[in-house]
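Visitor: Protein chains in written order, with the working numbering: chain A, 89 to 396; chain B, 89 to 396.
Errors might be hidden in some of the hints.
When chains are identical, the list treats them as one kind, so a pair holds in a single copy or across two.
Here are the computed lysine-lysine pairs in the BS3-like style, where the Cα-Cα straight-line distance is at most 25 Å [claimed, not checked]: (1) 125 / 217; (2) 270 / 283; (3) 362 / 99; (4) 121 / 217; (5) 261 / 246; (6) 143 / 283; (7) 121 / 286; (8) 211 / 121; (9) 286 / 261; (10) 362 / 320; (11) 261 / 274; (12) 211 / 125; (13) 270 / 184; (14) 98 / 362; (15) 176 / 211; (16) 312 / 247; (17) 286 / 270.
Hint data in this document are derived by calculation from the structure and do not stem from the laboratory. Since the model is a prediction, treat every value here as computed from it, not as a measurement.
2 protein chains.
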Amino acid sequence: MINKMIDKIKKTEAPIVVGLDPMLDYVPEHIKKSAYKEFGETMEGAANAIWQFNKGIIDSTYDIIPAVKPQIAMYEQFGVEGVKAYYKTIQYAKEKDLVVIGDVKRGDIASTQEAYAIGHLGKTQVGEKFYYGFDEDFATVNPYMGYDSISPFIDVCKKENKGIFILVKTSNKSSGDFQDLKVNEKYLYEIVGEKVAKWGEEHMGSDYSYVGAVVGATYPEVGKVMRELMPKTFFLVPGYGAQGGKAEDLVNYFSKDGQGAIVNSSRGIIAAYKMEKYSSFGEAGYAEASRQAVLDMKLELNKAISAR
Amino acid sequence: MINKMIDKIKKTEAPIVVGLDPMLDYVPEHIKKSAYKEFGETMEGAANAIWQFNKGIIDSTYDIIPAVKPQIAMYEQFGVEGVKAYYKTIQYAKEKDLVVIGDVKRGDIASTQEAYAIGHLGKTQVGEKFYYGFDEDFATVNPYMGYDSISPFIDVCKKENKGIFILVKTSNKSSGDFQDLKVNEKYLYEIVGEKVAKWGEEHMGSDYSYVGAVVGATYPEVGKVMRELMPKTFFLVPGYGAQGGKAEDLVNYFSKDGQGAIVNSSRGIIAAYKMEKYSSFGEAGYAEASRQAVLDMKLELNKAISAR
Chain A
89 MINKMIDKIK
99 KTEAPIVVGL
109 DPMLDYVPEH
119 IKKSAYKEFG
129 ETMEGAANAI
139 WQFNKGIIDS
149 TYDIIPAVKP
159 QIAMYEQFGV
169 EGVKAYYKTI
179 QYAKEKDLVV
189 IGDVKRGDIA
199 STQEAYAIGH
209 LGKTQVGEKF
219 YYGFDEDFAT
229 VNPYMGYDSI
239 SPFIDVCKKE
249 NKGIFILVKT
259 SNKSSGDFQD
269 LKVNEKYLYE
279 IVGEKVAKWG
289 EEHMGSDYSY
299 VGAVVGATYP
309 EVGKVMRELM
319 PKTFFLVPGY
329 GAQGGKAEDL
339 VNYFSKDGQG
349 AIVNSSRGII
359 AAYKMEKYSS
369 FGEAGYAEAS
379 RQAVLDMKLE
389 LNKAISAR
Chain B
89 MINKMIDKIK
99 KTEAPIVVGL
109 DPMLDYVPEH
119 IKKSAYKEFG
129 ETMEGAANAI
139 WQFNKGIIDS
149 TYDIIPAVKP
159 QIAMYEQFGV
169 EGVKAYYKTI
179 QYAKEKDLVV
189 IGDVKRGDIA
199 STQEAYAIGH
209 LGKTQVGEKF
219 YYGFDEDFAT
229 VNPYMGYDSI
239 SPFIDVCKKE
249 NKGIFILVKT
259 SNKSSGDFQD
269 LKVNEKYLYE
279 IVGEKVAKWG
289 EEHMGSDYSY
299 VGAVVGATYP
309 EVGKVMRELM
319 PKTFFLVPGY
329 GAQGGKAEDL
339 VNYFSKDGQG
349 AIVNSSRGII
359 AAYKMEKYSS
369 FGEAGYAEAS
379 RQAVLDMKLE
389 LNKAISAR
């Protein structure tokens, strides 16, 4: 799956993953109205509005991007109905041949983590039969509990030819609270990064490991260090755009071959029509606005990469 | 809610939370058979079997325990149908006036974490209306991303009079990989613990904070240190029984008043009928076996506490 993602990045020339993190505020009125008319002003109505919104974004961008990353929190806030919309979004994106990164950030003890790994990337046995739960292609994983909370995911990844991205240095302001603590002259995120690189040797694709790392766009000096520390580790880079990360800062997250990283943008793409720059698209043109935002981001990233 | 939990612990004299972490292997054949007959050998069938299993355990124990802790991973492995069973289990436990700790271990950046907080403990706005998503009383939270991944939960807890347990030192074997790293003579888990205690001052109940800590039963020396370091922090203690934690080791997790901690047991209670000690109950008596296992655990814990 890491090979497929890299192939798709090369084909689209876009190291971009669109974060499908819909807030109800992002959803145009006409979509909400129609969903509420059919399902009421209910969790079901809200979940349906979000699913329709996502479908519009996917239809408008699937030919120019390699991957999408739905953030499950945005769906869990609508309870069971939201989780249904999460599932539908994944299935639809896969129908369009997009790589799906489930941003679930799960982390638990071995037997429990195995259940998460099976539920999100693998198959569950029921009697004599096997079923996929959510069937994402990649999942994000939290390292706080150590290796036995990682290995069940690696096992399922090997079986299913799928991958994970482990949190190393996150893009948020407080990420330094613990990740930047110094252990014998090294930052905690460096120690985590070294471990991730080592664990990744267990499950290599052609050029990069199936075990990737999350390295936030908002700390570019960290991206540079981590790129050198983890040459075979693919980076999922959140924090571009709305969170403050800029294209020129991201150059060092990529390897010399221009590969090795995929940059996420959520709000900056899916809610582009709300930005002044894309306001001419209007609410009705929200999906076209998101396509234009992808094209602009692609241009910016490629300009920065080729200028280095 | 922390006050309610403490009251219920006093009333039942049982600082025990039953971990509703059902594996299909734990579910007696007659329950599976009947569920598969109605819903097929499908995810729906499996989820229904698990829900029926949980209902039996709750019916058999709700009058002698203060709380249950469903582990959402065990439900997510059955996809959307599993998540429905998770929701039903929560609602049913609350009908029986049990405190529900959602073991979800969520952790993400501020805006995303807010969606989790709202989805699990708070209310989501849809148009003019407000709805609960999953409506647990407490949730477990992962600290790796720092304070801005904690504060959205504290905000919702204040509004809803609910609480959280933040992972400090977990019960699994590899918990030391990162949690035991030394930062200026202190273990990382101590630094996290100190922060948790400090954050907890923001939202105090009568004797303990609404912001609790997860401290595993499998490292008793750690429990002792953390109890002294965090006098106002309530501990959720996993790892008793099947994972290796013993009653006499847990004495120091409690405060001098015998309060301050609630001990989780999952397999040792819900799958008690599979243990030799309780085999006379048979599959048909799985729920009664779980009641007996609770009573035995209560006796052991109270004996150890009063003997110190």
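Visitor: Does each hint hold? Answer for all of them.
Guide: Structure-based check of each hint:
no.: 1; hint: 125 / 217; in the structure: between (39 Å within a copy, 15 Å between copies)
no.: 2; hint: 270 / 283; in the structure: both (16 Å within a copy, 16 Å between copies)
no.: 3; hint: 362 / 99; in the structure: neither (29 Å within a copy, 55 Å between copies)
no.: 4; hint: 121 / 217; in the structure: between (41 Å within a copy, 14 Å between copies)
no.: 5; hint: 261 / 246; in the structure: between (34 Å within a copy, 23 Å between copies)
no.: 6; hint: 143 / 283; in the structure: neither (38 Å within a copy, 42 Å between copies)
no.: 7; hint: 121 / 286; in the structure: neither (51 Å within a copy, 45 Å between copies)
no.: 8; hint: 211 / 121; in the structure: between (37 Å within a copy, 21 Å between copies)
no.: 9; hint: 286 / 261; in the structure: between (27 Å within a copy, 19 Å between copies)
no.: 10; hint: 362 / 320; in the structure: neither (38 Å within a copy, 46 Å between copies)
no.: 11; hint: 261 / 274; in the structure: both (20 Å within a copy, 24 Å between copies)
no.: 12; hint: 211 / 125; in the structure: between (36 Å within a copy, 22 Å between copies)
no.: 13; hint: 270 / 184; in the structure: neither (44 Å within a copy, 48 Å between copies)
no.: 14; hint: 98 / 362; in the structure: neither (30 Å within a copy, 54 Å between copies)
no.: 15; hint: 176 / 211; in the structure: both (17 Å within a copy, 23 Å between copies)
no.: 16; hint: 312 / 247; in the structure: neither (32 Å within a copy, 42 Å between copies)
no.: 17; hint: 286 / 270; in the structure: both (20 Å within a copy, 21 Å between copies)
Checked against the numbered hints listed earlier, the structure breaks hints 3, 6, 7, 10, 13, 14 and 16; every other hint is satisfied.
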